[in-house]
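Asks: All chains, please: the whole structure from these sequences, using the hints.
Chains as they are written, first to last, in my numbering: chain A, 1 to 440; chain B, 1 to 244.
In short, the hints are calculated from the structure, not lab data.
Values in this document were obtained by computation on a predicted structure and should not be read as measured data.
Take these hints with a grain of salt, some might be off.
With the Cβ distance kept under 10 Å, some of the chain A side facing chain B (calculated, not the full set) [as the list claims (entries may be wrong)]:
#1 E97
#2 Y119
#3 S121
#4 N126
#5 L138
#6 V147
#7 Q206
#8 E212
#9 E213
#10 L215
#11 F222
#12 R245
#13 T271
#14 I273
#15 D353
#16 P357
So these bits of chain B aren't anywhere near chain A, every CB distance computed over 10 Å [what the hints assert, rightly or not]:
#17 S3
#18 T31
#19 G98
#20 L130
One side only, chain A facing chain B, incomplete, derived with CB under 7 Å [said to hold, decoys possible]:
#21 S98
#22 G107
#23 R109
#24 H123
#25 A198
#26 N201
#27 V202
#28 A209
#29 R216
#30 P236
#31 R238
#32 P242
#33 Q277
#34 P281
#35 A285
#36 A397
Built from N, CA and C at the ideal position, the CB exists for glycine as well.
The residues making up each chain are set out below.
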Amino acid sequence: MSGPAWTVTPAERYELSAEHALAYVPPDGAFALYNDYAQRRSVLVPTPSPVRPEDVVATWRDQLVGPPPRRLAPQETVEGYGTFTFPYGPVSMGVPESGRFDVITYGERILELGPLGGYKSRHVLNALAGATIEDAALRIERLAGNVSASHVAAFLAAAESARGESVPRSELWVRALAQELQRVYNHVHVLARIAEAASQNVGSAQSHALAEEILRLQGRAFGHRWLFGALLPGGPARHLDPPDRKALDRELQRCAREFDALWELFLDSRTFIDRIQSTCPVDRASAVHWGGVGPTLRACGVRWDDRLRVPGPPYNDLFLALPEERDGDALARLLVRVQEVRASFLLIEQMLDRWPPGPGSPEPASSPVLPGRGLGRVEAPSGDLVYDVSVANGKLASVSARTPSQANWPLFALGMRNAVFTDFHFALESFGLLFAETDR
Amino acid sequence: MPSWIERSWTRGILTTRYPRTPASEAETPATARAPVPPQGAPIPPSAVASCPVEAISPRGVDQGRCIRCARCLTQGLRLDGAAESAVSARSELLLPAGGGTTRPTAPLASLGRSLHLFLVDVGSCNACNLEVVALANPFYDSQRLGLFFTNSPRHADVLLVVGVPTEPMVEPLRRAYEAMPGPKAVVAIGACPISGGAFRGNPGLRGSIDELLPVDVYVPGCPPTPIQILDAILRLRGAGRREG
Ligand code: SF4
Ligand code: SF4
Chain A
1 MSGPAWTVTP AERYELSAEH ALAYVPPDGA FALYNDYAQR RSVLVPTPSP
51 VRPEDVVATW RDQLVGPPPR RLAPQETVEG YGTFTFPYGP VSMGVPESGR
101 FDVITYGERI LELGPLGGYK SRHVLNALAG ATIEDAALRI ERLAGNVSAS
151 HVAAFLAAAE SARGESVPRS ELWVRALAQE LQRVYNHVHV LARIAEAASQ
201 NVGSAQSHAL AEEILRLQGR AFGHRWLFGA LLPGGPARHL DPPDRKALDR
251 ELQRCAREFD ALWELFLDSR TFIDRIQSTC PVDRASAVHW GGVGPTLRAC
301 GVRWDDRLRV PGPPYNDLFL ALPEERDGDA LARLLVRVQE VRASFLLIEQ
351 MLDRWPPGPG SPEPASSPVL PGRGLGRVEA PSGDLVYDVS VANGKLASVS
401 ARTPSQANWP LFALGMRNAV FTDFHFALES FGLLFAETDR
Chain B
1 MPSWIERSWT RGILTTRYPR TPASEAETPA TARAPVPPQG APIPPSAVAS
51 CPVEAISPRG VDQGRCIRCA RCLTQGLRLD GAAESAVSAR SELLLPAGGG
101 TTRPTAPLAS LGRSLHLFLV DVGSCNACNL EVVALANPFY DSQRLGLFFT
151 NSPRHADVLL VVGVPTEPMV EPLRRAYEAM PGPKAVVAIG ACPISGGAFR
201 GNPGLRGSID ELLPVDVYVP GCPPTPIQIL DAILRLRGAG RREG
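Replies: Now the structure itself:
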């Protein structure tokens with residue numbers, strides 16, 4: 001199978017910059033600039049005609065929605081004696097997801113790496129037009145199951161904003177609790193996967209065990225191990241009464257201690273640290289230029305996090321320590337994740353401690369960006385997640401999203417240039433990229 | 001200085017005793033169980049209307065479609081039934097109105113002892129993949145039962161399929177199946193491969209895995225728990241061999 005005939009020259013690549021290629025362009029041509037960290041609020045600048053970095057970007061966008069395989073990052077053609085393209089995937093590549101990587105190489109060294117998606121496209125968002133919010137939410141949490149809480153929270157926030165609905169304050173707390181639990185799960189899972197790639201068998205087994213414990217706690221508190229339905233009215237029963245919260249808090253404090261002890265041992269393992277240090281580096285300028293988000297961005301010295309950027313309840317009442325690293329390599333990304341696990345444990349502890357006694361005063365949704373159209377954004381485990389929802393007559397008119405994986409794929413491809421093939425798994429896992437999020 | 005060995009000792013044994021003992025409460029969250037029709041009574045029409053994936057009809061509840069959203073629980077159904085739910089025929093996933101199940105318990109006995117497993121994701125949300133991969137973690141420790149994950153279909157005895165089959169994955173799936181040496185078995189994991197799950201009817205998708213491969217075991221759920229997946233795989237071994 002040959003890849004799509006689409007390449008960009010370095011000059012064009014410049015055109016495919018953060019605002020143009022990666023900022024997500026809503027369907028009716030309004031242009032949303034999502035990468036403006038200076039702003040305290042979501043910026044949506046409606047313009048009569050789309051901004052025109054045009055043909056290149058049009059090609060890019062066709063690639064993003066067209067049939068597979070489609071490019072998830074721009075790719076240069078590399079030519080030279082002995083170079084060839086090695087397609088890796090879509091099955092049997094040691095990654096539990098289906099996707100493909102086109103590796104241009106002449107042997108050991110990777111000259112260019114192109115992630116290709118579309119194998120898992122389930123057309124989830126397109127098929128939502130005409131559905132009710134509640135039915136749509138059930139599909140959206142099944143878009144990427146391991147980050148379901150973030151997706152549902154962002155979607156619900158956008159839908160509430162579009163409909164001008166207020167939400168009971170306690171619901172916002174429940175959503176935040178679910179998201180922080182899932183952040184812990186995902187970061188611990190990344191640690192386990194990296195340890196697995198580095199053949200740290202005991203470390204990986206123990207990290208996987210810790211991740212399993214978090215899943216079980218989620219199952220106990222929310223009735224579902226992956227929190228499906230748990231954030232919706234009519235979902236499985238939640239167990240968050242005072243005795244349940246106390247038990248949850250106790251278990252989580254034990255998990256937090258486990259995690260600290262585990263990480264200390266990882267830090268002692270020089271071979272482990274050496275393996276990920278300076279692997280797949282992303283420099284600050286590229287991260288900003290390409291619009292990277294989440295731990296990827298914070299690992300190269302940009303302290304940007306939606307939980308602090310647009311603080312709503314409960315985050316505006318809680319203490320959040322935001323980590324930052326500067327080296328931008330796989331180690332830096334892992335260090336950010338490790339500190340975020342601790343920060344999330346601390347957030348959860350505070351939440352369980354100060355849990356609102358009743359539903360609380362209804363919290364007004366953020367104002368719609370256009371009539372009947374709202375944005376919702378949350379900090380998902382791998383970064384800034386944006387949903388854009390239009391509502392007509394109480395039903396959904398359109399739903400689109402800019403996911404953290406979409407923003408970070410190009411940085412992974414960039415970091416893999418000139419890497420050796422054995423770096424692949426360490427690099428991939430350290431970004432926390434999901435094909436499920438881009439194949440929607 | 002603490003060491004890995006010391007840590008492993010202080011952690012103690014985490015591994016479940018399943019299948020020697022039944023699955024514990026911690027291994028069985030509420031949504032691991034299927035919604036069952038009320039005993040000796042017809043299914044209320046409001047329950048039929050409440051289901052977002054048309055899993056409920058006056059005839060019964062189709063577990064193969066159910067995504068465990070728990071909505072029908074306010075309409076007279078309850079999450080109940082056995083924690084292990086794997087069956088060998090699609091029709092057995094229908095829980096008929098009026099109560100009672102048709103779930104068989106006999107092992108299928110098509111394969112021998114030690115099994116090599118190959119996972120193919122044909123369009124999943126990752127929850128099913130991760131539940132399968134979780135079998136290797138110390139809590140389930142599938143190796144103690146002689147179950148091993150392999151990265152090549154050439155070494156595999158059992159094909160584990162997760163996700164709703166997308167058009168571009170049809171060919172890779174078929175090739176993976178053909179590359180497996182016989183005798184071989186296929187396990188469909190989750191509502192997605194069985195019926196399309198939450199995405200049934202979306203464009204570009206095959207309706208179910210049945211159109212593509214002969215399926216030996218179906219595991220309903222969204223996602224099924226690791227114990228349910230383990231149970232399904234163990235059913236492929238002959239009687240008396242469940243415990244490895
Ligand atoms: S729990 Fe299953 S049967 Fe009940 S409404 Fe949800 S999908 Fe339908
Ligand atoms: S059955 Fe449910 S959990 Fe499994 S892949 Fe499908 S949507 Fe995800």
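Asks: Any hints this thing doesn't respect? Which numbers, in order?
Replies: 12, 13, 14, 15, 16, 17, 18, 20, 22, 23, 25, 26, 31, 32, 33, 34, 35, 36
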